[in-house]
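Undergrad: From just these sequences and the hints, can you work out the full model?
Protein chains: 2
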Amino acid sequence: MASMIFTDCSSSTPSRLLPFTRSPLLRRQADVVLVRRLLTPLNFSCSRRRLTLRSSPSQSPHVSASLATETSATAKVIDGKAVAKQIRDEISAEVMRMKDAIGEVPGLAVIIVGNRKDSATYVRNKRKACESVGINSFEVPLPEDSTEEEVIKFIKAFNDDPSVHGILVQLPLPNHMNEENILNAVNIEKDVDGFHPLNIGHLAMRGREPMFVPCTPKGCIELLHRYGVSIKGKRAVVIGRSNIVGTPASQLLQREDATVTVVHSRTPNPEEITRQADIIIAAVGKPNMVRGSWIKPGAVIIDVGINPVEDAKSPRGYRLVGDVCYDEAKNVASAITPVPGGVGPMTIAMLLSNTLIAAKKVYNFQ
Amino acid sequence: MASMIFTDCSSSTPSRLLPFTRSPLLRRQADVVLVRRLLTPLNFSCSRRRLTLRSSPSQSPHVSASLATETSATAKVIDGKAVAKQIRDEISAEVMRMKDAIGEVPGLAVIIVGNRKDSATYVRNKRKACESVGINSFEVPLPEDSTEEEVIKFIKAFNDDPSVHGILVQLPLPNHMNEENILNAVNIEKDVDGFHPLNIGHLAMRGREPMFVPCTPKGCIELLHRYGVSIKGKRAVVIGRSNIVGTPASQLLQREDATVTVVHSRTPNPEEITRQADIIIAAVGKPNMVRGSWIKPGAVIIDVGINPVEDAKSPRGYRLVGDVCYDEAKNVASAITPVPGGVGPMTIAMLLSNTLIAAKKVYNFQ
Numbered sequence: 087m088a089s090m091i092f093t094d095c096s097s098s099t100p101s102r103l104l105p106f107t108r109s110p111l112l113r114r115q116a117d118v119v120l121v122r123r124l125l126t127p128l129n130f131s132c133s134r135r136r137l138t139l140r141s142s143p144s145q146s147p148h149v150s151a152s153l154a155t156e157t158s159a160t161a162k163v164i165d166g167k168a169v170a171k172q173i174r175d176e177i178s179a180e181v182m183r184m185k186d187a188i189g190e191v192p193g194l195a196v197i198i199v200g201n202r203k204d205s206a207t208y209v210r211n212k213r214k215a216c217e218s219v220g221i222n223s224f225e226v227p228l229p230e231d232s233t234e235e236e237v238i239k240f241i242k243a244f245n246d247d248p249s250v251h252g253i254l255v256q257l258p259l260p261n262h263m264n265e266e267n268i269l270n271a272v273n274i275e276k277d278v279d280g281f282h283p284l285n286i287g288h289l290a291m292r293g294r295e296p297m298f299v300p301c302t303p304k305g306c307i308e309l310l311h312r313y314g315v316s317i318k319g320k321r322a323v324v325i326g327r328s329n330i331v332g333t334p335a336s337q338l339l340q341r342e343d344a345t346v347t348v349v350h351s352r353t354p355n356p357e358e359i360t361r362q363a364d365i366i367i368a369a370v371g372k373p374n375m376v377r378g379s380w381i382k383p384g385a386v387i388i389d390v391g392i393n394p395v396e397d398a399k400s401p402r403g404y405r406l407v408g409d410v411c412y413d414e415a416k417n418v419a420s421a422i423t424p425v426p427g428g429v430g431p432m433t434i435a436m437l438l439s440n441t442l443i444a445a446k447k448v449y450n451f452q
Numbered sequence: 087m088a089s090m091i092f093t094d095c096s097s098s099t100p101s102r103l104l105p106f107t108r109s110p111l112l113r114r115q116a117d118v119v120l121v122r123r124l125l126t127p128l129n130f131s132c133s134r135r136r137l138t139l140r141s142s143p144s145q146s147p148h149v150s151a152s153l154a155t156e157t158s159a160t161a162k163v164i165d166g167k168a169v170a171k172q173i174r175d176e177i178s179a180e181v182m183r184m185k186d187a188i189g190e191v192p193g194l195a196v197i198i199v200g201n202r203k204d205s206a207t208y209v210r211n212k213r214k215a216c217e218s219v220g221i222n223s224f225e226v227p228l229p230e231d232s233t234e235e236e237v238i239k240f241i242k243a244f245n246d247d248p249s250v251h252g253i254l255v256q257l258p259l260p261n262h263m264n265e266e267n268i269l270n271a272v273n274i275e276k277d278v279d280g281f282h283p284l285n286i287g288h289l290a291m292r293g294r295e296p297m298f299v300p301c302t303p304k305g306c307i308e309l310l311h312r313y314g315v316s317i318k319g320k321r322a323v324v325i326g327r328s329n330i331v332g333t334p335a336s337q338l339l340q341r342e343d344a345t346v347t348v349v350h351s352r353t354p355n356p357e358e359i360t361r362q363a364d365i366i367i368a369a370v371g372k373p374n375m376v377r378g379s380w381i382k383p384g385a386v387i388i389d390v391g392i393n394p395v396e397d398a399k400s401p402r403g404y405r406l407v408g409d410v411c412y413d414e415a416k417n418v419a420s421a422i423t424p425v426p427g428g429v430g431p432m433t434i435a436m437l438l439s440n441t442l443i444a445a446k447k448v449y450n451f452q
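These protein sequence lines map, in sequence, to chains C and X. 189 is the number that this note's numbering gives to position 103 of the first sequence; each next residue is one higher, with no gaps. 335 is the number that this note's numbering gives to position 249 of the second sequence; each next residue is one higher, with no gaps.
Hints may be right or wrong, so weigh each one.
Identical chains blur together in the list; that is why a pair holds if it fits in one copy or across any two.
Straight-line distance between alpha carbons at most 25 Å, and here's what the computed SDA-like set of lysine to any residue pairs gives [to be verified]: (1) 446 x 174; (2) 185 x 203; (3) 214 x 225; (4) 372 x 355; (5) 318 x 354; (6) 446 x 229; (7) 203 x 275; (8) 399 x 317; (9) 447 x 268; (10) 446 x 223; (11) 318 x 350; (12) 447 x 351; (13) 203 x 403; (14) 446 x 267; (15) 239 x 294; (16) 318 x 357; (17) 372 x 341; (18) 171 x 315; (19) 318 x 372; (20) 171 x 159; (21) 242 x 274; (22) 372 x 292; (23) 447 x 270; (24) 318 x 371; (25) 318 x 218; (26) 167 x 207; (27) 185 x 165.
Keep in mind that the hints were calculated from the coordinates and are not lab data.
TA: See the structure below:
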């Protein structure tokens with residue numbers, strides 16, 4: 087795997103995003119230095135040479151030693167797939183308990199407009215996940231040329247439908263629609279996506295509680311909790327300031343008493359800031375942007391990015407990588423989410439969790 | 087003045103809050119080093135000795151040199167009083183233009199519950215400020231033992247009153263009232279304080295615009311703008327995470343593309359973070375907490391704190407100081423707001439500005 091490190095991280099992003107900085111922090115880590123020395127200079131031929139070295143039957147003891155050291159420094163893998171399964175099992179048990187007690191189950195309505203393949207996949211996965219835990223799912227597929235009013239009409243019908251406890255409008259919407267108008271039409275008590283500005287406002291304010299926390303950042307924090315990562319008093323850096331991940335993630339970390347810095351596209355030298363972080367949440371959508379040298383030894387890394395990069399060796403012609411250069415980061419961090427199988431599976435698990443919370447509120451079921 | 091530095095900053099806060107750190111940043115500044123050397127060790131007797139030195143007719147050339155250097159390093163004073171006057175003049179002209187064009191003027195309603203002396207002073211100042219720019223002001227003073235319902239009844243009446251464009255409930259409210267219920271009753275289109283969670287949500291979200299920005303943080307940013315302080319791409323640290331200043335200030339800075347860190351009571355070693363900031367907004371309510379050694383040379387300091395500290399020499403028995411040790415900070419920062427006369431006067435100016443904005447929206451007056 088180590089031989090893939092720099093091919094992965096160097097080939098898929100512009101060099102502007104990937105300065106190779108010799109981090110003094112890294113240099114202090116003797117075990118990492120050894121690996122880095124072997125891999126310098128960082129270019130494709132270097133990676134290829136490394137490949138040759140590894141496949142050679144007469145490996146030098148030096149290389150073997152470096153590989154052994156590298157293994158010992160490898161971060162714990164934060165297994166989002168396993169945690170998501172555990173959460174789905176918990177939700178499933180709760181749904182069954184609710185059904186037995188009051189004869190009701192939660193219901194989730196999903197509205198999808200147009201034919202985007204990725205959106206269709208997400209919606210199918212949501213339906214399957216609902217089925218697997220006993221939540222009723224309702225789907226409204228609308229044609230690409232639907233009007234804003236038609237979408238809002240369906241939202242309003244679901245707002246009034248007592249068997250629907252959560253409403254989700256699959257994003258992105260077609261360009262001719264005003265996302266703000268459509269999302270604002272969702273009754274805040276059914277806003278299981280947590281994107282309503284009133285939810286975001288409550289999330290930002292001390293002493294207020296949002297009805298729902300947006301699913302992906304909620305999943306990030308849940309992973310930290312389930313892996314026993316302490317947040318209080320820690321330095322946290324969130325990379326990216328989107329409404330759906332970066333901003334709510336920073337608010338959640340601050341609510342748990344982390345000292346949070348939000349790094350974004352206008353931040354000069356982001357690596358100087360990330361290097362101070364005990365916890366990094368990367369949610370920027372740039373493949374392999376966060377290099378090993380950006381990371382403080384022992385930091386915990388939550389990688390929200392799911393970026394397709396060309397890969398001739400894959401049958402699909404591409405593979406998915408995160409915003410963090412995993413193979414470099416795993417040698418520096420103490421724990422890290424893989425891509426895929428990290429944050430990804432958590433998002434739908436949190437959507438189910440929010441839908442269960444919504445139904446419990448309606449039925450006043452504890 | 088320099089002789090007062092450490093008496094001021096050491097005497098008014100517990101030493102726990104005021105570690106004297108020998109900042110490497112400061113030591114790099116030769117001119118500051120000279121002053122600091124003269125003032126070491128830092129205790130009251132040192133300050134008194136300094137006083138004697140300054141009052142001595144036979145000052146050594148060394149001391150004169152230090153004073154000269156000190157003066158040359160002094161930060162620009164950000165004169166909030168003057169800026170607030172300028173803004174009031176601008177608002178006054180706009181109110182007159184509105185009256186001439188459509189025969190209407192903005193109206194601000196203030197509800198005050200109980201007899202807190204400080205609240206009464208603020209409300210009186212607001213009334214005077216309204217009068218000075220031609221905004222109608224309405225005041226409802228309610229007894230301390232009013233019920234939540236009574237307060238909300240008045241809010242609703244003002245919500246329905248077309249001559250009232252802004253409604254302000256003076257905080258803090260008596261303990262028996264639920265602040266959240268009361269503030270939520272204010273029509274968001276009249277929420278000139280900007281405290282409604284929907285406003286905070288919009289402020290936190292990219293691509294959304296709040297109806298109103300909370301007055302004090304709006305005043306902080308206005309001061310930066312009027313003094314030509316560039317925000318984009320700068321490192322900013324906000325000290326304090328209150329709903330009314332810290333949180334919205336951090337959101338405003340980030341909207342202008344600063345990289346923002348929020349430091350709070352659970353942040354270990356806050357000075358390590360503030361020392362990286364190009365812009366510091368201190369809003370924590372701890373007198374003189376931010377020492378000179380906490381500040382990067384050349385940083386711009388906005389001090390929101392207004393803290394009374396005992397002062398036997400003052401006829402009132404106290405004087406007002408900020409969260410920043412002004413006399414130390416002015417030798418390190420490039421610009422700083424004084425206390426009083428910095429952010430304070432801006433808050434009411436921004437309230438008038440928000441009330442004018444509210445009225446302009448209602449009458450669609452550009």
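Undergrad: A separate judgement is required for each hint: does it hold in the structure or not?
TA: A quick look at each hint next to the structure:
In the homo-oligomer, the alpha carbons of residue 446 and residue 174 lie at most 25 Å apart inside one protomer (16 Å), although the nearest pairing across protomers, at 52 Å, exceeds that limit. Taking the shortest Cα distances, residue 185 and residue 203 never come within 25 Å of each other, neither inside one copy (34 Å) nor across copies (57 Å). For a Cα distance limit of 25 Å, the shortest separation of residue 214 from residue 225 inside one copy, 12 Å, qualifies, whereas the shortest one across copies, 58 Å, does not. Within a single copy, residue 372 and residue 355 get their C-alpha atoms as close as 16 Å, which meets the 25 Å cut-off; across copies the closest is 32 Å, which misses it.
In this assembly of identical chains, residue 318 and residue 354 lie within 25 Å of each other by CA distance solely across copies; the values are 10 Å between and 27 Å within a copy. Taking the shortest alpha-carbon separations for residue 446 and residue 229, neither the intra-copy value of 33 Å nor the inter-copy value of 41 Å comes in at or below 25 Å. Proximity of residue 203 and residue 275 under a CA criterion of 25 Å is satisfied in neither setting, with 29 Å inside one chain copy and 41 Å between copies. Proximity of residue 399 and residue 317 under a CA criterion of 25 Å is satisfied in neither setting, with 40 Å inside one chain copy and 46 Å between copies.
When the C-alpha separation of residue 447 and residue 268 is checked against a cutoff of 25 Å, the pair qualifies both within a copy, at 24 Å, and between copies, at 23 Å. For the homomeric pair residue 446 and residue 223, the shortest alpha-carbon distance inside one copy (16 Å) is at most 25 Å, but the shortest distance between copies (46 Å) is not. Both within a single protomer and between protomers do residue 318 and residue 350 lie at most 25 Å apart by alpha-carbon distance, with minima of 23 Å and 11 Å respectively. In this homomeric assembly, residue 447 and residue 351 never come within 25 Å of each other (Cα to Cα): the closest approach is 39 Å inside a single copy and 33 Å across copies.
When the C-alpha separation of residue 203 and residue 403 is checked against a cutoff of 25 Å, the pair qualifies only within one copy, where the shortest distance is 17 Å, while the shortest distance between copies is 72 Å. In this assembly of identical chains, residue 446 and residue 267 lie within 25 Å of each other by CA distance solely across copies; the values are 23 Å between and 28 Å within a copy. For the homomeric pair residue 239 and residue 294, the shortest alpha-carbon distance between copies (23 Å) is at most 25 Å, but the shortest distance inside one copy (31 Å) is not. For a Cα distance limit of 25 Å, the shortest separation of residue 318 from residue 357 qualifies both inside one copy, at 23 Å, and across copies, at 18 Å.
For the homomeric pair residue 372 and residue 341, the shortest alpha-carbon distance between copies (21 Å) is at most 25 Å, but the shortest distance inside one copy (27 Å) is not. With identical chains, the CA atoms of residue 171 and residue 315 are at most 25 Å apart within one copy only, with a shortest distance of 20 Å there and 51 Å across copies. With identical chains, the CA atoms of residue 318 and residue 372 are at most 25 Å apart between copies only, with a shortest distance of 22 Å across copies and 28 Å within one. In this homomeric assembly, residue 171 and residue 159 never come within 25 Å of each other (Cα to Cα): the closest approach is 28 Å inside a single copy and 61 Å across copies.
In this assembly of identical chains, the alpha carbons of residue 242 and residue 274 lie at most 25 Å apart whether taken from the same copy (12 Å) or from different copies (23 Å). Taking the closest pair of Cα atoms, residue 372 and residue 292 come within 25 Å of each other only across two copies (19 Å); inside a single copy the shortest separation is 32 Å, beyond that limit. Within a single copy, residue 447 and residue 270 get their C-alpha atoms as close as 21 Å, and across copies as close as 21 Å, so both meet the 25 Å cut-off. Taking identical chains as interchangeable, the C-alpha atoms of residue 318 and residue 371 lie at most 25 Å apart only when they sit on different chains, with a minimum of 22 Å there against 27 Å within one chain.
Taking the shortest alpha-carbon separations for residue 318 and residue 218, neither the intra-copy value of 35 Å nor the inter-copy value of 48 Å comes in at or below 25 Å. Proximity of residue 167 and residue 207 under a CA criterion of 25 Å is satisfied intra-copy only: 17 Å inside one chain copy versus 59 Å between copies. For a Cα distance limit of 25 Å, the shortest separation of residue 185 from residue 165 qualifies neither inside one copy, at 30 Å, nor across copies, at 65 Å.
Going through the hint list in order, the structure does not satisfy hints 2, 6, 7, 8, 12, 20, 25, 27.
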